[in-house]
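Got chain Z; can you put chain X on it based on the hints?
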Amino acid sequence: MNKVSPRMALPALLFAAAQCVSVPSVYAAELSVTLAIPKLDVAEYHKPYVAIWIENNSTKAVTNLAVWYDADMRNNEGEKWLKDMRQWWRRSGRTLQMPVDGVTGATKGPGEHSLQLRFGTQPLHELDEGDYTLRAEAAREVGGREVLNLPFSWPLNSSANDANRTKGGGISVTQSGTEELGSVTLRIQP
Amino acid sequence: MLNKNLLKTLLLSALVSASLSVQAHRAWIVPQETVLSGENRWVSFDAAVSNDIFLANYNPGRFSDVQVINPDGSAGQVENLHTGKYRSVFDLPLTQEGTYRLLLASSGLRALWEEDGQRRMYPGRGEQYSAEGFAKAVPDNAEKLSIIQSSRRMETFVTLGAPTRTALAPTQQGLELVAVTHPNDLFAGEEATFRFLIDGEAAQGADVTLIREGTRYRNAQEEITLKTNSNGEITVRWNGAGRYFLEAEYKDNKAQKPATVRSGSYVAVLEVLPD
Chain Z
1 MNKVSPRMAL PALLFAAAQC VSVPSVYAAE LSVTLAIPKL DVAEYHKPYV
51 AIWIENNSTK AVTNLAVWYD ADMRNNEGEK WLKDMRQWWR RSGRTLQMPV
101 DGVTGATKGP GEHSLQLRFG TQPLHELDEG DYTLRAEAAR EVGGREVLNL
151 PFSWPLNSSA NDANRTKGGG ISVTQSGTEE LGSVTLRIQP
Chain X
191 MLNKNLLKTL LLSALVSASL SVQAHRAWIV PQETVLSGEN RWVSFDAAVS
241 NDIFLANYNP GRFSDVQVIN PDGSAGQVEN LHTGKYRSVF DLPLTQEGTY
291 RLLLASSGLR ALWEEDGQRR MYPGRGEQYS AEGFAKAVPD NAEKLSIIQS
341 SRRMETFVTL GAPTRTALAP TQQGLELVAV THPNDLFAGE EATFRFLIDG
391 EAAQGADVTL IREGTRYRNA QEEITLKTNS NGEITVRWNG AGRYFLEAEY
441 KDNKAQKPAT VRSGSYVAVL EVLPD
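Protein chains in written order, with the working numbering: chain Z, 1 to 190; chain X, 191 to 465.
Errors might be hidden in some of the hints.
Claimed, not checked - A few chain Z residues that face chain X, going by a derived Cβ cut-off under 10 Å, partial list only:
1) K47
2) R90
3) R94
Everything labelled a hint here was simulated from the structure, so no lab data went into it. Being a predicted model, the structure only gives us computed values, none of them experimental. Quick reminder that beta carbons are idealized off the backbone N, C-alpha and C, glycines included.
Just chain Z, same shape as in the assembly:
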């Protein structure tokens, strides 16, 4: 790599930052979500449909991280209940062609499930500077529906993240559901 004079380095860096680096770098931040599906003592149990996505502060869905539904049913019948995840459906689902590579998957039973994603790598593309909400929504047949909202700001060093700061400059945000979702934790490490 050529040496750049200190004078040039700062504008060049700023320019790169403004472009919001779409090139994956070895320094790309990592995002993880752990989501608990509660064990329910009910007569008829169906695994919930779950969607996890990121919205910007104008409630536009930016990135779908995961959608778990009955993708393997005959004649795509499992798509019939996608709209029961009402918020996800209006923000994103209704304009998607299902299934989505790297996003959709089979429903999951009670227990803790996790996602590990790297910014700049599908399906998690780079974010522009701003305030975001990671949203997790669950809807269960003959059951209820619940949506949890986990706010964060980008870039990570934004002062809005200070309350959720972890060692090493990352953040950790947790919300707990009461019906269809257990604890949902978002962690981002630089």
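Frame of chain Z; chain X shown alone:
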């Protein structure tokens, strides 16, 4: 004096549907669901004439003329129409993605006059409007004649996949709703804006009433009453999630001659989802 030829021309040019009598009381078409996903989906509808919101206990109405506008603007058709004692039922196969509009609309002239001191009207109660009937019933020299240009429209909307707007295009005839907020994208915690047009122009001062379903399980109707502004618009703050009966009434004196009064009524059933 009435020019019968002019009248006939007007009458023939009017959109005539046989369903005026359905709307003597409150009438409604209620979709079982309005927001759908997946493939090979159908929606079932209940329709009736009844003053109790969505409680079919008066008469089943006449819904054989219900029209469907598909998402691409073409005409669709309901299937399995069944007329029960109190309720009509039919189904709509959703063959395209997007928003469907179901409607019954009619417009025409109504005449009120006196004969030998008796009040007369055409069309009479339960009578179907027709140009010939009008010409026959209303005498040339009718006393105290007033002619009303009236329009009625009843609608509901369902969407498979993402909402679209082709089927929502206004006809520029009678009183109609222009959905500023999409009628299948309504949420309890959000305001919705609707605009009303009369013959294609802003209907200012229309009275709009909205009633959420389930009046049987509460002591008050809890109706929302609004008046359209100079742009013909209302902004609705919902009384929670549920299906709503929306009714708008409009009247002015800008009728096409020989009518002297122009009136319009509009009914829609809208579903509002929880946030």
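Query raised in the report: Should the interface hint for Z/R94 be scored as holding, given a Cβ-Cβ cut-off of 10 Å against chain X?
Result: holds (4 Å)
Query raised in the report: Does the nearest C-beta of chain X fall within a distance shorter than 10 Å of the C-beta of Z/R90?
Result: holds (6 Å)
Query raised in the report: Are Z/K47 and chain X close enough, Cβ to Cβ, to be under 10 Å, as the hint says?
Result: Where the cut-off is 10 Å and the nearest Cβ of chain X is about 18 Å from Z/K47, the hint is violated.
In this structure, the one hint that does not hold is number 1.
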